[in-house]
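Visitor: These are the residues of each chain, in order.
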Amino acid sequence: MGKSSSLRTPARMRVSSAALALGVGAAVAAFGPGAAVAAAPQAKAARTLTLNDSASLHLQNKKGLELKESGSAKGTLPGTLYLQLDVTSTRSVTAKVQVYPKGGSISGNAKASYSVAGSTASFKGTLAITKGTGAYSKAKASALSFSGTIQRSNDAVTVHVSGKMSY
Amino acid sequence: MTRARTFTLALLAFGCLATSAQAAETVALHTSFTPNRLGASTTIGFGFTIGSTTGGLPSPLTHVDLRMPKGMNYVTTTLGLAICKPQSLVEKGLSGCSPNSRLGYGNAFVEVPFGQGSGREIPEIEALMGPPHEGNLVVLFYANGLAPVYAQIVFSGELLPGSGAFGGDLNTSIPQIPSVTNGPPVSIINVSSTIGPSHLTYYKRVHGKLVGYQPKGISLPTSCPRGGFPFSADFTFLDGSQVTATHNVPCPPPVHHKKK
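Residue numbers (our numbering), protein chains in the order written: chain A, 1 to 167; chain B, 168 to 427.
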C-alpha cells in the first residue's frame, strides 16, 4: 500500500505527461521520424485572383422586398450563382451572393445604390466576400465592384463582379 | 401705468389684431389603398382640400411634400415601364407619351381670384413616369385645364428616400397657374389623384400583336403598423406659409382562412 502510494504520480503531472506524449506522437505521425526538418510548417502565400465575372439570372422566388435569382456566372470563376436582392429603400439594395465554381464555393454580401429608369432598374455598389469553402476556404475581398440591372417586366437580373480577391 | 408698460400693451394688442386678421390656410389630407390588403399590389389614392381660416381664397399652393408609409414595395411594380419626356408632353399632350408610362390619374378644382364661386374643375390630371433625376424616380403631372383656365401644365415630383416611419417622399413643386394672361395665379382648392394600376392599360407585343394588360402596382407591406399606414404632407403656399397634414389608412381587417 505504502509502496504503491509512493509510485503514484500526482494528477497534474499525469495530464502534462499525457499531453506531451500526445504531442510527440502527433508530431511523429505528421512528419515521420526523419522528416522533422524537411517538413517544417510553412505559411502558404495567399494567392490573388482578379475577378471579372458576369451572370444573367432569372427569378426563382419573389417575396415582399426580396428577389431570389439564379443562373450561371461566366468569367474568372464560372459556376452556378445565386443572388438574393433586398431592396432596403427607394434608392438602396443589399444582396447576398453565392457562387459555386469548381472546387468550392464563395459567399459574400453587397451594398449598392438602386435606381429605376423606365423598364430597367440598376444597382451599383461593393461586394465583400465573407466565406469560402474547398479551394476557396480562405477567400477574402472587401470592396469588389458589384453592379447590375433588373428588367422590371420579368425581374431578370444581370450582375457583374470585378476586383481582386485573395484565397 | 408707466409709458413703457402702455407701449408694451399696445404692441400686444396690435399683435393680436394682426394675427386675427391674417388668413391662414387649412388642409385636409385624404389617402387610400385600393385594394387595402397586406402584401398586395395596390392603387394609392391621395387628395387634399385647401381652405382658409377667413373663408376667403387660400394662397396659391407652391409645393407639396407627400411622405408615404415605410415598407411599400416600389421594386416589384411594373408601373412606368416607359419614360415620358416632359418636352413631348408639353408639345403633344398625352399622345406624346407611351401608355406604358402612365402611373395614375386624377382631377383638381381651382378658383380664380376674381370673385368667389368662380371655381373650375381641371378634369384631367395624369401622372406619368418621367426621366429619373440623380437616380430618383420622377413623377410627371400633366394638368389639362379648360375654360376659363386654359392651360396645359406639366410639373414634376421626385420620389426621395424617406426616413423614420416613412419610406418614400414625393417632393413636388407646383407651378403657378395664371387665371388670365399676366393675371394673378389661381388657387388650388381640391386635388385628388392616384398612383396605381386601377383603370390603366399597358401594352406589350405578343407574337407580333399588341396585347393590353394591367400593370402591377406598388405593393403594400406585409404587416400594418399600429394605428394604420401613416401619410404626412407639408404644403407650402405662395404667401410663405406652411401647413402639415396627416392621414392614416386604416389597417385591413385580418384575413381568416377557412379550416378544412
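Keep in mind that a hint or two might mislead.
As the list claims (entries may be wrong) - Below are the DMTMM-like pairs computed for lysine to aspartate or glutamate, each with C-alpha atoms no more than 20 Å apart in a straight line: (1) LYS371/B <-> ASP155/A; (2) LYS102/A <-> ASP86/A; (3) LYS237/B <-> ASP53/A; (4) LYS62/A <-> ASP86/A; (5) LYS252/B <-> GLU291/B; (6) LYS164/A <-> ASP86/A; (7) LYS237/B <-> GLU291/B; (8) LYS383/B <-> ASP155/A; (9) LYS96/A <-> ASP155/A; (10) LYS68/A <-> ASP53/A; (11) LYS237/B <-> ASP86/A; (12) LYS138/A <-> ASP155/A; (13) LYS383/B <-> ASP53/A; (14) LYS237/B <-> ASP401/B; (15) LYS111/A <-> GLU291/B; (16) LYS140/A <-> ASP53/A; (17) LYS140/A <-> GLU66/A; (18) LYS371/B <-> GLU66/A; (19) LYS164/A <-> GLU66/A; (20) LYS124/A <-> GLU301/B.
Hints listed in this document are in silico derivations from the structure and should not be mistaken for laboratory results.
Here the structure is a predicted model, which is why all the values come from computation and not from measurement.
Visitor: Out of the numbered hints, which ones does the structure contradict?
Guide: 2, 3, 6, 7, 12, 13, 15, 17, 18 and 19
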